[in-house]
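Given only the sequences and the hints, what does the whole structure look like? Please build it.
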Amino acid sequence: MDARISVIDKRLNNIKRIISVASGKGGVGKSLVASSLALNLSKKGFKVGLLDLDLYGPSSHIILGVKDVFPKEEKGIIPPNVHGINFMSIVYFTEDKPSPFRGVDISNIIIELLAITQWGSLDFLIIDMPPGIGDETLDVIRLIKKSEFLVVSTPSKVALGAVSKLLKILKELKIPIIGVLENMSMTRSSFIKNEIDSMDLSYLGCISFDKNLEESIGKPNKLLETDFMGDLDDLLEGINL
Amino acid sequence: MHEWALAESILVAAVEAAEKEKLKLISEIKISIGELQQIEHDIFEFALEEIIKTQGDKMKNVKTIIETEKSTLKCKSCEHTWDFSDMKKKLNEDESEAIHFIPEVAFVHARCPKCGSPDFEIMTGRGVSITSIKGEK
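Quick mapping for you: the protein sequence lines, in order, are chains A and B.
Going left to right, the first sequence walks through residues 1 to 241 as this note's numbering numbers them.
Going left to right, the second sequence walks through residues 1001 to 1137 as this note's numbering numbers them.
Calculated from the structure, these hints are not laboratory results.
There may be inaccurate statements among the hints.
Unchecked claim - Simulated pairs of lysine to aspartate or glutamate, DMTMM-like, Cα-Cα distance not exceeding 25 Å:
1) B/K1074 - A/D2
2) B/K1070 - B/E1097
3) A/K157 - A/D231
4) A/K72 - B/E1049
5) A/K43 - A/D231
6) B/K1137 - B/E1049
7) A/K171 - A/D210
8) B/K1089 - A/D231
9) A/K145 - B/D1083
10) B/K1020 - A/E95
11) A/K16 - A/D234
12) A/K97 - B/D1083
13) A/K72 - A/D123
14) A/K97 - B/D1094
15) B/K1089 - B/E1049
16) A/K72 - B/D1083
17) A/K67 - B/D1042
18) A/K10 - B/D1094
19) A/K75 - B/D1094
20) A/K43 - A/D210
Stated by the list, open to error - If you want the footprint, here are the derived chain B segments under chain A, 3+ residues with CB under 8 Å:
21) 1003-1017
22) 1101-1107
23) 1115-1129
Said to hold, decoys possible - Label-pair ranges, simulated between beta-carbon atoms:
24) A/Y56 - B/D1083: 49 to 59 Å
25) A/E225 - B/H1041: 47 to 57 Å
26) B/K1063 - A/R102: 44 to 54 Å
27) A/D68 - B/E1019: 19 to 29 Å
28) A/I239 - B/N1092: 45 to 55 Å
29) B/K1063 - A/K67: 40 to 50 Å
30) B/T1124 - A/D233: 45 to 55 Å
31) A/T187 - B/D1086: 50 to 60 Å
32) B/K1134 - A/K75: 51 to 61 Å
Where a beta carbon is used, it is the ideal one built from N, C-alpha and C, also for glycine.
Have a look at this one:
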């Protein structure tokens, strides 16, 4: 028996809420939403952790401008605090080189990270998920029993096609879904809202496409002042976050 | 010393298994550690002993046996097989330490020594597992 799995609940025991930011589709802004959500909650005074589980293409460290830090080894590994967020990512161990992992290796990495990371007590752990309903999503569902999902889509029918598959599987498995956030909205349209309503799920609102957002990547203080963050903040208010 | 976290996982898993099997006492735990984990045995044993002291009477006289599972790596492209000692020769200190924390980053830092492919498989030699538990009902 793999002993590491048994200790995962203990490692997550002192975390009040775990929110996985996910999507069926890539490129919809999951990492930006996850990092911004972590920054937003930290600014409000909550103790926040951020775990980047996008193991092939981690990007939260780029968004937060994380450089020259490494976890501290103490009865496990303690994530460094970056801009008020306890941040854990595979990049500490890959030196940002390409990561050609197969499914079984992905599961082993997730088990190892969850077994040895000492988060301590947190109000929120935000998980930046990779796209799709593959190994990482199935492992989070299997290993992190109290995870809730915040799902990101864009206004596109193409994105929603993949997003609705994730939503259906989460519903089938009775996993809590906080709701669906529509990112990069450019015109007024109720298409996504209507589709989410028809699935009997919560439509959380939309974040307008922010053409100046790119200038804030890697600069968390600037990111906090963007229109993107303003829209996200309004939307979080609607779900008491 | 992330050995502590892994030692703790062994004992949490052992208690769970003992409860499942309705064991009142655990007398022996056999542990297998993959070579790729590069565990410091002295630290791991020290951590086991310290955590056992906090577990009450159930593990009072428990004996722990630690075995290292040798690594076998196999290339999916050319089917060449090798082990961690071959791989380690080409790793620098940081790469080797990264594999110590997360064994699967071997795929990031190493290649098949014969054909250079990153598409190889860890056949044996990773993870931390309990291979057997003995006790009294």
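Satisfaction of hint between A/D231 and A/K157, Cα-Cα up to 25 Å: holds, 22 Å
CB-CB spacing for A/K75 and B/K1134 relative to the 51 to 61 Å hint: violated, 28 Å
Given coverage of the region 1003-1017 of chain B by chain A, checked by CB-CB distance under 8 Å (3 or more): Held - the region 1003-1017 of chain B has 11 residues with a Cβ nearer than 8 Å to chain A, which meets the minimum of three.
Holds or violated: A/K16 to A/D234, with C-alpha atoms at most 25 Å apart: holds, 22 Å
Given pair status - B/E1049, B/K1089, alpha carbons within 25 Å: violated, 33 Å
Pair hint outcome, B/K1089 versus A/D231 [Cα-Cα no greater than 25 Å]: violated, 52 Å
25 Å limit on alpha-carbon distance, applied to hinted pair B/K1070 and B/E1097: holds, 18 Å
Proposed proximity, B/D1042 with A/K67 (alpha carbon, max 25 Å): violated, 33 Å
Pair hint outcome, A/K72 versus B/D1083 [Cα-Cα no greater than 25 Å]: Roughly 29 Å separates the two Cα atoms, so the pair is violated.
A/K43 paired with A/D231 [C-alpha distance capped at 25 Å]: Holds, because 16 Å separates the two Cα atoms, which is no more than 25 Å.
Assessment of proposed distance window 45 to 55 Å (beta carbons of B/T1124, A/D233): holds, 50 Å
Given hint B/D1083 paired with A/K145 - CA-CA distance at most 25 Å: violated, 36 Å
Comparing the model with each numbered hint stated earlier shows that hints 7, 8, 9, 10, 15, 16, 17, 18, 24, 26, 27 and 32 do not hold.
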